[in-house]
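First to last, the sequence lines map onto chains A and B. Our numbering numbers the first residue of the first sequence as 1 and each following residue consecutively. Our numbering numbers the first residue of the second sequence as 1001 and each following residue consecutively.
In short, the hints are calculated from the structure, not lab data. Glycine is no exception: its CB is placed at the ideal position from the N, C-alpha and C atoms. You may find that some hints are simply not true.
Computed from the model, here is a short list of chain B residues facing chain A with C-beta under 8 angstroms [stated by the list, open to error]:
| id | residue |
| --- | --- |
| 1 | Thr1073 |
| 2 | Gly1075 |
| 3 | Lys1078 |
| 4 | Gly1629 |
| 5 | Ala1635 |
| 6 | Val1639 |
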Amino acid sequence: MNIVPISYYLVLSAILFGLGVIAFVFKRNIITIFMAIELMLNAVNLAFVAFARAHNQLDGLVFVFFVIVVAAAEAAVGLAIVITVYQNRQTLNIERINLLKF
Amino acid sequence: MPILDHLWIIMALPLLGAAINGLLGKNFSKTIVNSVGIGSVALSFLSAAEAIREYVQLSPDQPVLKTYFTWITAGIFKVDFALQVDQLTVVMLFVVTFVSMLVHIYSTGYMAHEEGYRRFFSYLNLFVFFMLTLVLAANVVLMFVGWEGVGLCSYLLVGFWFLKPSAISAGKKAFITTRIGDLGFTIGILLLFWTFHSVDFGAVFKQAAGMSVEGFAPTGVLTIISLLLFIGAIGKSAQIPLYVWLPDAMEGPTPVSALIHAATMVTAGVYMVARMNPLFSRAPFAMFVVALIGALTAFFAATIGLVQTDIKKVLAYSTVSQLGYMFLGLGVGAYAAGVFHLMTHAFFKGLLFLAAGSVIHAMGGDQEMPHMGGLRTKIPITFWCMFIATLAIAGIPGFAGFFSKDEILEAAGSGPHANLWFYWLGLIGAGMTSFYMFRLIFLTFFGKPRYDEHKVHVHESPWSMTGPLIVLAFLSTVGGWVAAPHLIGGTDYFEKFLHPVFAAYATNPGIEQGAGEIAGSPMTDLIHALTGWPVIIALLGLLLAWWFYIKSPDTPKKLAQSLRGPYTLILHKYYIDELYNAVIIAPLLWISTNVLWHVVDEGAIDGTVNGVARGLRESGGQVREIQSGNARSYATWVVIGAVGVTVLMLVIWMRVS
């Protein structure tokens, strides 16, 4: 049986991660930026899973579960923050939410 | 020997009084302040008296030495907190505690209406503590602590009325001028330790006793040590050239002038030189300098005293002059006579100042003698006390000053280290002393009142003030009688009492300290003493003062006009203050302002500090731009950072592999 080589997974993971970074930096909508973060997390998850499979070890899988849990928690908290910000500022444009310097 | 074993009690009591009044006494009533202030000093006097009684009963050959604990150790340098009592200490203990007690009592009357009553008593108690430290110390370093402490208290009390600019500057002048002398003292102590490897009096004197008398040149180590120590005494005891602070110190309250600037602190220099007699005795050149400075000061200060119009200034110059006599006595080897004059001077000069305070009190604060006159009948107690003190200081036979001054002049004229120049300076000075003191009496108490009787209500002082006057008047009369048998060829009991201190390490035990005995029958001796030059010249001074200020009061003015030049010179105190101002103070101010302030401080120090601050502020302004508040720019920085770390790790990885 032909096994897909690990480098394929890693390249895919890198491409996904790069897309996430680009979206994270260039997008203006907070929800989109949020999704970019999720994309980056899952790109890393893919790399973990690929390595776990390649080395036949469970460590990578355990990491993935942790990342998923953290991502879920982060989504819950993050979306709550987004809703609150929107209620207060009536906008989701990150350029307009620039009070962090104070 | 309860007190003799616990000498520290004598010192601790005034310190305790100062602490209670000064630190806890915020809400104390005057009665409590009085009882703490007077009580602590009175108890100190009683314990000192008990210590003296025990000491005399014991009369040991060696000084009673009590070491309580080690204060400083550094290698071979070791200083103990050690106190000692010998005959010299006994005299000083008595004078200091007794006069202090009287001045404290006097102050309750004199300062009754002043602000800062509690502060005054606290300082005064602190002064007594330091003075006792100075007197009781058994090593030079502890003595120096007391020495500086009394200087501090002098500064605090001269500047007691700290809202008055002249009082503040007088306090600073007193402090800084004596500090110049103290520099010499400090170097002297270091050289002393360097030479003897000890600062304890006993150890130092024992080693010094083994050294031979040095030649008449400022080269021997003992001579240099003695001269350096004497520089300290010059500052503290207001001798030429550092006497200028004492007349200005009269800005302080009058009880302070009486206690600190007449009876006790200013005599510290005399005490120190007397204490260090084993060193001085082996340094003939230093002795000569002591006598020279003493004689010159005695003479010149007396000339300035002749023309002063401020009652306290006359007494101040008189004090400088009398201190000169003490040093003259020490310098010609008559240590006992010098210390004797110290004691009698403490009585009569303390009395003169306290009486002057009473006069000022009666005049409502006016100190100018030309505004007084005719006070004799208005304030009789003050008058009689002051009159007795004047008789004493002028050297009228029978009163305290006669005996002590006579002994000094005798030693200067015919003692083992006699010098006729010094003798004549002292003798003429004595005549002037008599003149200016009777001038003071005649101007103040005789003649017609020159003040506005409707404005100034002259009144006798309360008992708290006149009481101490009477006690001191008694002592000014009888204080010299211990030496009286000497006049008829008998024993001088004062000298005999002090003899062990000065004979123990004397260079030649065969020769008695001071003047030799006069041969002859008692009667001729007495006649000789009573018709000697000092008495004649004192009476001449009295007569001249009477002529000038009672008989024909126009004479002084005419004389001043015909001798305009010398008169102005003396009236302006030989322009010494102006000279010091031009030669020392003005250049110092110029350098301080133009170099130290504007260049060093503003340029170098401020420049460095401000430069660092400006650099940080400007670079901070640049860096601040990064924190824009824009989340996307933060994200960009995170990405750049992550990429940077990754690249770094790759580089390291490639290097390693």
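- [ ] Hints the structure violates: just list their numbers, smallest first.
- [x] Going through the list in order, the structure violates hints 1, 2, 3 and respects the others.
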